[in-house]
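Sequences and hints are given; from them, build the entire structure.
2 protein chains.
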Amino acid sequence: MSKNALPRQADDFPAWYAEIIRRAELAEHGPVRGTMVIRPYGTAIWELVQRALDDRIKATGHENVVFPMLMPASMLAREAELVEGFAPEVAVVTRAGGEELAEPLVVRPTSEAMIWSTYAGWIQSYRDLPLLFNQWANVVRWELRTRLFLRTTEFLWQEGHTAHETHAEAQREARRILDDVYADTIEGVLAIPVLRGRKSASERFPAALDTLTCEVMVRDRKALQAATSHDFGQSFARTYDVTFTGRDGKRAHPYATSWGASTRLIGGLVMAHGDDRGLRLPPAVAPYQAVIVPIGDTRSTAAALGDELRREGVRVRVDDRDEVREGAKFHEWERKGVPVRIDVGPRDVAAGTAIVTRRDRDGHETIAFADLPERIPSLLADIQRTLFADALAFRDAHLFAPATFDEAVDVLANGGGFVRAGWCGDAACEERMKAATRATIRCLPLDAEATAAACIACGRPAVAGAVWGLAY
Amino acid sequence: MSKNALPRQADDFPAWYAEIIRRAELAEHGPVRGTMVIRPYGTAIWELVQRALDDRIKATGHENVVFPMLMPASMLAREAELVEGFAPEVAVVTRAGGEELAEPLVVRPTSEAMIWSTYAGWIQSYRDLPLLFNQWANVVRWELRTRLFLRTTEFLWQEGHTAHETHAEAQREARRILDDVYADTIEGVLAIPVLRGRKSASERFPAALDTLTCEVMVRDRKALQAATSHDFGQSFARTYDVTFTGRDGKRAHPYATSWGASTRLIGGLVMAHGDDRGLRLPPAVAPYQAVIVPIGDTRSTAAALGDELRREGVRVRVDDRDEVREGAKFHEWERKGVPVRIDVGPRDVAAGTAIVTRRDRDGHETIAFADLPERIPSLLADIQRTLFADALAFRDAHLFAPATFDEAVDVLANGGGFVRAGWCGDAACEERMKAATRATIRCLPLDAEATAAACIACGRPAVAGAVWGLAY
Chain A
1 MSKNALPRQA DDFPAWYAEI IRRAELAEHG PVRGTMVIRP YGTAIWELVQ
51 RALDDRIKAT GHENVVFPML MPASMLAREA ELVEGFAPEV AVVTRAGGEE
101 LAEPLVVRPT SEAMIWSTYA GWIQSYRDLP LLFNQWANVV RWELRTRLFL
151 RTTEFLWQEG HTAHETHAEA QREARRILDD VYADTIEGVL AIPVLRGRKS
201 ASERFPAALD TLTCEVMVRD RKALQAATSH DFGQSFARTY DVTFTGRDGK
251 RAHPYATSWG ASTRLIGGLV MAHGDDRGLR LPPAVAPYQA VIVPIGDTRS
301 TAAALGDELR REGVRVRVDD RDEVREGAKF HEWERKGVPV RIDVGPRDVA
351 AGTAIVTRRD RDGHETIAFA DLPERIPSLL ADIQRTLFAD ALAFRDAHLF
401 APATFDEAVD VLANGGGFVR AGWCGDAACE ERMKAATRAT IRCLPLDAEA
451 TAAACIACGR PAVAGAVWGL AY
Chain B
1 MSKNALPRQA DDFPAWYAEI IRRAELAEHG PVRGTMVIRP YGTAIWELVQ
51 RALDDRIKAT GHENVVFPML MPASMLAREA ELVEGFAPEV AVVTRAGGEE
101 LAEPLVVRPT SEAMIWSTYA GWIQSYRDLP LLFNQWANVV RWELRTRLFL
151 RTTEFLWQEG HTAHETHAEA QREARRILDD VYADTIEGVL AIPVLRGRKS
201 ASERFPAALD TLTCEVMVRD RKALQAATSH DFGQSFARTY DVTFTGRDGK
251 RAHPYATSWG ASTRLIGGLV MAHGDDRGLR LPPAVAPYQA VIVPIGDTRS
301 TAAALGDELR REGVRVRVDD RDEVREGAKF HEWERKGVPV RIDVGPRDVA
351 AGTAIVTRRD RDGHETIAFA DLPERIPSLL ADIQRTLFAD ALAFRDAHLF
401 APATFDEAVD VLANGGGFVR AGWCGDAACE ERMKAATRAT IRCLPLDAEA
451 TAAACIACGR PAVAGAVWGL AY
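Line by line, the protein sequences are chains A and B.
Position 393 of the first sequence, counted from 1, bears residue number 393 in the working numbering, the numbering being contiguous throughout.
Position 452 of the second sequence, counted from 1, bears residue number 452 in the working numbering, the numbering being contiguous throughout.
Read the hints as simulated data drawn from the structure, not as lab findings.
A hint or two may mislead.
Copies of the same chain look alike in the list, so a pair counts if it fits in one copy or across any two.
[To be verified] Below are the DSBU-like pairs computed for lysine-lysine, each with C-alpha atoms no more than 30 Å apart in a straight line:
| id | residue 1 | residue 2 |
| --- | --- | --- |
| 1 | Lys222 | Lys329 |
| 2 | Lys329 | Lys434 |
| 3 | Lys222 | Lys250 |
| 4 | Lys434 | Lys58 |
| 5 | Lys329 | Lys58 |
| 6 | Lys329 | Lys250 |
| 7 | Lys222 | Lys434 |
| 8 | Lys222 | Lys58 |
| 9 | Lys250 | Lys434 |
Written as C-alpha cells, this is what we have:
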C-alpha cells in the first residue's frame with residue numbers, strides 16, 4: 001500500500017472507514033474516550049444535513065425549542081423503562097460551583113423525561129394540543145465501543161417530542177416524520193435508499209409501543225439504523241402527570257411521540273457512497289459541489305468561472321493554493337468526494353474550454369466555458385441521481401429472499417447482505433437467527449406484502465415479513 | 001394593576017423583565033436551578049440572531065467546527081488563569097457508565113483549553129495559519145445569581161477561536177470580529193446602538209491581554225455587555241505547547257483570539273426595545289414580521305393577503321384561531337412585539353382596504369389591499385430604522401459628561417445612565433467610583449478622542465476616555 005492509498009474496502013472495511021474519516025478531514029477523536037472533534041469539512045456537511053432536516057421539520061408544522069441539558073437524577077428515575085434503558089450509559093454531575101450537589105444531575109442521554117416534565121405545565125386542555133416541538137441538541141451516552149460518527153459518547157442530534165389528543169393522531173405523526181422528514185431527507189438529500197419498517201419488540205426504544213425506523217445498507221452490506229420515530233402511547237404522560245381536559249370535559253392523558261436523527265447520518269453517508277479512492281458526496285450535501293483547479297497561470301480565468309458558477313447557485317471552491325501541487329490537489333478533492341472537478345490549463349484558456357471530471361464515474365469531458373453555467377448544475381443533478389441509483393442497485397443486489405433457514409444463515413453469517421423472509425413473531429426465532437449469524441431483525445418493512453407464508457426459522461405461519469442483517 | 005397589565009418599567013424594571021419573558025412566551029425556568037427552557041417563540045428569535053451572526057462569521061472567512069463538551073479536569077487546570085477564572089463555576093462529571101471516573105471531567109465553561117489542546121496537532125508550519133474557526137455550543141457556568149437569558153447556568157453561544165502567525169494579525173482579527181460580526185449584527189439586525197471599546201484590566205477575560213466589547217444601554221439605563229472579542233497573545237500556545245515553524249525556519253508560538261456572543265443577546269433585545277405594553281421586535285429578528293387578524297368572516301381574504309406578503313419575503317402569521325377573541329389577539333401580538341398588525345374586517349373587504357397598526361408608534365392607517373405587498377416591506381424597513389433611532393436617542397440622552405467626580409456619582413448612583421469621562425488608568429480610581437456608585441468602567445471607547453484632560457476621580461492626567469455605568 002503506497003503512502004497515499006487508503007485501505008481497500010474489500011480488504012478491511014473498518015480500517016477503510018477509520019482512515020477516510022481521518023484523511024478526508026471529517027473528524028478525529030477528542031481527549032475524553034469516545035468523544036469526537038468534528039473538523040470544518042465534517043461540520044460543513046453536518047450543517048447541510050441539518051438544514052435539510054430542519055426545513056422538513058418546519059414544513060411539517062413543527063417549531064424548535066431549547067431544553068436544558070442537565071436534569072435531576074430523580075427526574076429520569078421516574079420512568080422505569082428510561083432508567084433501565086439509559087442508567088448504565090449516563091454521565092452524572094455530582095459537583096458544581098465548588099460544592100457537592102445535594103442531588104446528582106444527569107447529562108441528558110435523551111430528553112423525554114425533561115420535556116414531559118415541562119409539558120405538564122403547558123398542557124391543560126385539548127385546545128393546547130397537539131404540541132409539535134423539536135430541539136437540536138447534544139446528548140451523552142457512555143458507550144463502551146465507539147466509532148467516529150456511528151457511536152460516540154457525545155453526539156449531536158435533533159429530537160422531536162410531540163403530544164397529541166388521540167393515539168391515532170400520534171401514530172400518524174410518527175409515520176409522517178418517518179416519511180416526510182427522514183426518508184425524504186435520507187433518500188432525496190443523502191441519496192441513500194431506505195427500508196422503512198417497524199422494530200420488533202426486542203429492538204424498540206425504551207418505553208415505546210412502536211418504533212419506526214429507516215434502515216440503510218452500507219458498502220460492507222451491513223445495516224445502519226439511520227433514524228427512528230417512536231409511538232409511546234400514554235406512558236410518559238402517566239409517569240410525568242400530564243393530563244388535559246378533553247372535548248368531553250374529562251381529564252385524559254395525551255399521547256406522545258419522539259423521533260431523532262443524529263451525526264450518525266454522516267457515518268452512513270461515508271459508508272453508503274464511499275469507494276476505495278475516498279468519499280463520494282451527493283451534491284446536495286457537498287460543502288463544495290465543484291472545485292476549480294487552475295493549472296499554470298490561469299488563476300484569473302478560474303476565478304471568473306467560479307463567480308459565474310456561484311451565480312448559478314453552485315457551491316464552488318477555486319483551489320489556487322500555491323504550496324500544493326496539482327496532483328496532490330486532484331487526490332485531495334477525490335478523497336474528499338467533491339462531485340465535480342474542473343481543470344483549467346493554459347491550452348484550455350486558449351481554446352475556451354475546461355476539463356470536467358465527475359467523482360462518481362471514470363473519465364472526463366471537455367466543456368466550453370460558455371456552457372459551464374448550464375452544464376454544471378445539470379451534471380450535479382445527474383450525480384445526485386446516479387449515487388442514489390448506485391446505492392439502490394447495490395442494496396437490491398444484496399437483499400436476498402432465501403427459501404430455507406440454512407440459506408438465510410449462509411447469507412447472513414458470510415456478510416452477504418440482508419435477508420427478507422417471513423417471521424412468526426416469536427422472539428425465540430429472532431434469537432435463533434441471532435445465535436446462528438449475529439444478525440438482528442432490522443425492521444418489519446411497512447410495505448411488506450403478505451408474501452411470506454411461513455416463518456423462515458420455525459416454519460409456523462408468518463405474521464410479518466422481516467428484514468435481517470448484521471448491523472452497526 | 002389589571003390581570004393583563006404588565007408591571008410598568010418605571011416602577012419595577014426587573015419585575016417587568018421577568019414578566020414579559022414569561023408572558024411573551026420566550027422562556028421559563030428549567031428544573032435545575034439557573035437553567036432555562038427556551039420556548040418556541042424565543043427559539044425562533046434566537047435562530048434569526050444565530051443566522052445573522054453565522055452569516056457574518058462565514059463572510060469574514062471563518063468555518064464552523066464542533067468540539068466535545070467534556071474535558072479532563074487536568075486540561076483546564078493547565079492554564080492557571082482559566083482555572084482561577086472558571087474553577088469556582090464549573091460543573092464536574094465524576095461518574096459515567098455506572099462507574100466512578102478515574103479522572104473527573106469538566107463540562108466546558110468555555111473552550112480555549114479544549115481547542116488549543118487540539119490545535120497542537122493541527123499547527124505545524126506558518127502555512128497552517130491562520131486557523132479561523134468557530135463553534136455553536138452550549139456551555140455551563142454555575143452562577144450564583146441567575147436571570148433568564150442574561151445569566152443562566154447553561155447558555156447557548158458561539159465561540160470563535162483563531163490562531164495567527166503574528167500578534168498584529170491576531171489584534172486585527174479581534175477588532176474585525178468586533179466591527180464586522182458583532183457591532184454589525186447588534187446595530188444592523190438587533191437595532192441596538194453599541195459602544196465599542198476596550199475593557200480595563202479588572203474587567204478583562206481570564207488570560208486575555210486585551211478584551212474588546214460591545215456595550216449597550218437598556219431601558220433602565222444600565223449597561224449590558226453584549227459580545228466580547230479577546231486578544232490572548234501567546235499564552236494558550238505556551239500553555240498547550242502549540243508551536244509552528246515560521247518563515248525563518250524557527251519554531252514559534254502562534255497568537256490566539258477568542259470571541260463570543262450568546263443567548264444573552266435575547267435579553268438585551270427585550271430590555272433595549274421593550275415598553276410597558278411588551279416586546280417591540282426589530283423586523284429583522286421578528287419570527288412574524290406581520291400578523292393578519294381576520295375579523296368576522298374574512299378568513300379567505302386574510303389567507304390570500306398572507307400568501308401575497310409571503311411572496312414578497314415577509315414572515316407572516318394569519319391568526320385565524322377561533323377560540324381566541326380579537327381583543328385578546330391584539331394584546332397577544334402587541335405583547336409579543338410583532339412589528340405590524342393587519343386587521344381585515346368585512347367592511348375592509350368590501351372597501352378593499354386593511355387597517356395597519358405599527359408596534360413602534362401609536363395610531364394606525366388604512367392601506368389598500370393592492371398596495372400592501374409594496375407598503376408592508378417598506379414599513380418594516382422603517383420600523384427597523386425607527387427602533388434603532390429610538391434606542392440611539394435614548395442612550396445619547398442618558399450619556400453624560402460630568403465635570404466633577406460628585407456630578408458623576410450623582411448620575412451613576414441614581415441610575416441616571418452612563419458617564420463618560422477621563423481616567424488616569426489607575427485601578428484605585430476605578431475602585432473609588434465603584435465604591436461610591438457600584439458602577440464599573442464598561443469600556444474605554446475605541447473612538448475616544450483625547451478630550452478628557454484629567455481623570456474624573458483623581459484629577460491626574462487622563463490616559464483614556466472611559467464610560468462608566470451600572471451593569472447587568
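Each hint tested on the structure:
1. Lys222 x Lys329: neither (32 Å within a copy, 54 Å between copies)
2. Lys329 x Lys434: For Lys329 and Lys434, neither the intra-copy (46 Å) nor the inter-copy (59 Å) Cα distance is at most 30 Å.
3. Lys222 x Lys250: Neither way: Lys222 and Lys250 sit 50 Å apart in one copy and 50 Å across, limit 30 Å.
4. Lys434 x Lys58: neither (39 Å within a copy, 49 Å between copies)
5. Lys329 x Lys58: between (39 Å within a copy, 23 Å between copies)
6. Lys329 x Lys250: Classified as between: cross-chain Cα gap 28 Å, same-chain 69 Å, threshold 30 Å.
7. Lys222 x Lys434: For Lys222 and Lys434, only the intra-copy Cα distance (14 Å) is at most 30 Å; the inter-copy one is 66 Å.
8. Lys222 x Lys58: For Lys222 and Lys58, neither the intra-copy (32 Å) nor the inter-copy (38 Å) Cα distance is at most 30 Å.
9. Lys250 x Lys434: Classified as neither; 47 Å inside a copy, 60 Å across copies.
Hints 1, 2, 3, 4, 8 and 9 from the list above are not met by this structure, while the remaining hints are.
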